[in-house]
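**Student:** Protein chains in written order, with this note's numbering: chain Z, 3 to 500; chain B, 1058 to 1380.
Please keep in mind that the hints were generated in silico from the structure rather than gathered at the bench. Model, not experiment: these values are computed from the prediction. Possibly wrong hints are sitting among the right ones.
What the hints assert, rightly or not - In the BS3-like style, the derived pairs of lysine-lysine whose C-alpha atoms are separated by at most 27 Å in a straight line are:
id, chain 1, residue 1, chain 2, residue 2
1, Z, K343, B, K1206
2, B, K1250, B, K1150
3, Z, K343, Z, K219
4, Z, K373, Z, K343
5, B, K1150, B, K1206
6, Z, K373, B, K1206
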Amino acid sequence: MRARGAACAVRGISKRYGAAVALDDVSLEVAPGEIHALVGENGAGKSTLGKIVAGAITPDAGEILVDGEPVAYRAPRDAIRHGIGLIEQEFALAPDLSVLDNVFLGVELGSHGLVDRGEQRERFSELAERIGFRERSSAPVRTLRTADQQKVEILRQLVRDSRLIVMDEPTAALTRDEADRLLQITRELRDDGVTVIYVSHILGDVLALCDTVTVLKDGRRVRTAPAAEETTDSLVTAMLGRSLDVAFPTPSPPPADARVVLSVRGLSHPPAFDDISFDVRAGEIVGLAGLVGSGRTEIARAIFGADPADGAVEIEGRTLRSRSPRASIRRGLALLPESRKDQGLVMVRPLTENVTMAHVGAVSRRGVLAKRREQRVVGEALRSVDARAASTSMPVSSLSGGNQQKAALAKWLVRTPRLLLADEPTRGIDVGAKRAIYDLIHGLAADGLGVLLISSELGEVLGLAHRVIALRAGRIVGEYSGDEAQEETIMRAVFGSV
Amino acid sequence: MAGSAAPARPFASIGGTLELLREYMIVVCVVVLFLVLTFTSDTFLTSTNLLNVLQQVAPVGIVAFALTFLLIVGEFDLSSGALFVLTGVLAAKLEPSLGTWGALGAATLAALAGGIINGLLVAYARINSFVCTLATSLMIAGLSNVITKGFLLNVTDPGFFALGSNKLLGVKYSIWILVVAALACGFVLSRTKFGRWLYAVGGNPEAARLSGINVRRMKVAAFAFSGLAAGIGGAIVVSRTATGQAGNGIDVVFGAFAAVVVGGTSVMGGRGAIWRTALGILFLALITNGFNLLQVEPVYQSIIQGAIILTAVAIDSLSRRAT
Chain Z
3 MRARGAACAV RGISKRYGAA VALDDVSLEV APGEIHALVG ENGAGKSTLG
53 KIVAGAITPD AGEILVDGEP VAYRAPRDAI RHGIGLIEQE FALAPDLSVL
103 DNVFLGVELG SHGLVDRGEQ RERFSELAER IGFRERSSAP VRTLRTADQQ
153 KVEILRQLVR DSRLIVMDEP TAALTRDEAD RLLQITRELR DDGVTVIYVS
203 HILGDVLALC DTVTVLKDGR RVRTAPAAEE TTDSLVTAML GRSLDVAFPT
253 PSPPPADARV VLSVRGLSHP PAFDDISFDV RAGEIVGLAG LVGSGRTEIA
303 RAIFGADPAD GAVEIEGRTL RSRSPRASIR RGLALLPESR KDQGLVMVRP
353 LTENVTMAHV GAVSRRGVLA KRREQRVVGE ALRSVDARAA STSMPVSSLS
403 GGNQQKAALA KWLVRTPRLL LADEPTRGID VGAKRAIYDL IHGLAADGLG
453 VLLISSELGE VLGLAHRVIA LRAGRIVGEY SGDEAQEETI MRAVFGSV
Chain B
1058 MAGSAAPARP FASIGGTLEL LREYMIVVCV VVLFLVLTFT SDTFLTSTNL
1108 LNVLQQVAPV GIVAFALTFL LIVGEFDLSS GALFVLTGVL AAKLEPSLGT
1158 WGALGAATLA ALAGGIINGL LVAYARINSF VCTLATSLMI AGLSNVITKG
1208 FLLNVTDPGF FALGSNKLLG VKYSIWILVV AALACGFVLS RTKFGRWLYA
1258 VGGNPEAARL SGINVRRMKV AAFAFSGLAA GIGGAIVVSR TATGQAGNGI
1308 DVVFGAFAAV VVGGTSVMGG RGAIWRTALG ILFLALITNG FNLLQVEPVY
1358 QSIIQGAIIL TAVAIDSLSR RAT
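If we strip away everything but chain Z, and leave its shape as in the complex, we get (with noise of 0.2 Å):
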């Protein structure tokens, strides 16, 4: 039988990286059987505060007790030990081992050094039946989609009978019905007995599941309170410190004979996306919506020349030729990728660097780099960006999510685009950067940009947007403006269900 789960708790816990205090002196008691949700704007220390209970950051200061007595961790495997596990952002699997090696990867049954298969299988359905897994057990976990990876990491924390499982942020990834099948899988967790820390930006999901929630800010507790007696209101209100009263800009009205900057036409590349044409005017922010999978990144990859598509790809009424990042930035085209870590930023360079890396050329001379012109124009794009940075010559990777999307932006703006493809331009940024981007987006557009917008929030895409797009299965099943653009009817054309 399952065994109860884990009462936990922190007492004056601090972690700080070099200048940056993480958490400042944080104690929080977690009940054992419940699920407490963690929440803050990034950088409130809410994933760190999780990963410290989970063994895997070690704190500066501060202790660490598991059902009443202090544990020290040195390693991950520690907390293993007693019980405590960790579902990271970044899953921890093996992608080439299967879906069995994988959820029994360390604690393989059997004896002498051999792995008895059976008994594994036999454990494995049994588990799996309980949390809805229905792949195979012999598919590499490479091949499983990404909600089913995360089953798998649960299927792991259940085969070590975890009795308190720290999830870090684990629906980031996830489509909105597949989000809510975790939801019910963590509350079956919940109701076998299992402790719960749940750490998320997503405050509808936290007050629908969590029994408890703590409030983080700036590496301190502001409050820990049962979510029965929160609102999202009253979250953000804690988290910020202040009232967010509106969270999109007011838009202003979409241009009515504006010339069209981007003409689409049959742009095809089977099976992502097929005969997509739209056209996007000058000032007018058109938004693609559509699930996970819709070919909503592919199309605007496309249009940018990243990846090879059929049709035809106008700018300002000519037909670019040539199809190719470089070729697109010449013709004023811009591309903010759906990862700024891995398509916008280079990481280990200076954020200088990273705002002029598009056009190295504007900032030099003959080949020859300009660096007062280079420190001139960074500045200027920084600014118009509202980026903040201790230091220019810094690595971009020094910087809070928030700050790095600005800069991933600001690359941008070194030459004034005619057309911005904004691909997730809000992704794992915090509520305040979240409205600066918005900000930014429409100040753009005011200006007389047209601008694509690809967003998984649905209400982004309608709180920014002037005409929306529906994508289902890659290809376009609607278009909305005005009053006909509303949520449910977005819903409904992009799951299919007219």
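Mind docking chain B on chain Z? Use the hints.
**Tutor:** Frame of chain Z; chain B shown alone:
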């Protein structure tokens, strides 16, 4: 603010120290070693000895500068040793028909061509650079054997020694070439568009491509430069010895690689500098020189060099994991 970066870097406090160590360790090492040798040996701090050290490291140094470009762009060239040897063999072979400068020039251009072929194979045929240059290295070494048929190719014309032995303002040509190469490479890396693009491609090829940088062309250019540098280094050596011999000097690539990583250029791309490689060369050269002056058995030198390389790469790897 930095807290949001914090969860991703669990070892940042150790990483900070490692980072600092990675940044400036080489400077400290060179200075300390220099002082130690100055005080323990009477002959160390003499212009004869120091110029001799520089002259000896000139060929490997030039190869190392090119290798720095390659590591920064995220690739590796094992074949520069073989190209280095081929240059010497070709120059010795061609000297009777093309004369001194014609032979040296033609041999160097052949090495450049070899570098370009490496680059095309890696960038366009998408062969892993380590495997690719290992294979081309075997082929080039074989070609050298075919040319020499296993014999030593001796050049008898005394004018052939000019590049390796003649002096300008009391300093040998090879040292001048080394110094000019260091300054030019350093300038290109830190002050030009080309250098900026090399770092971007090595640091994140996808981000570089989406920024409009031609990633493949940058890689071909870096390989071409590596071939050219191997050619120049090989030309200097052959004009010093006036002997083309297959197989002799192929290990120059290991010395060059050692100098680059000991200097602190990252083997994972995107980070590094020429001044680092220059100090790395100096450091390894001083160790060799010190061992000779203090009459330590040469067999221990390679053991110590290996240990130094491991230490340097470990520090790079640990500090990289922390960021």
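**Student:** Hints broken by the structure, by number, lowest first?
**Tutor:** When the structure is compared with the hints, numbers 1, 2, 6 turn out to be violated.
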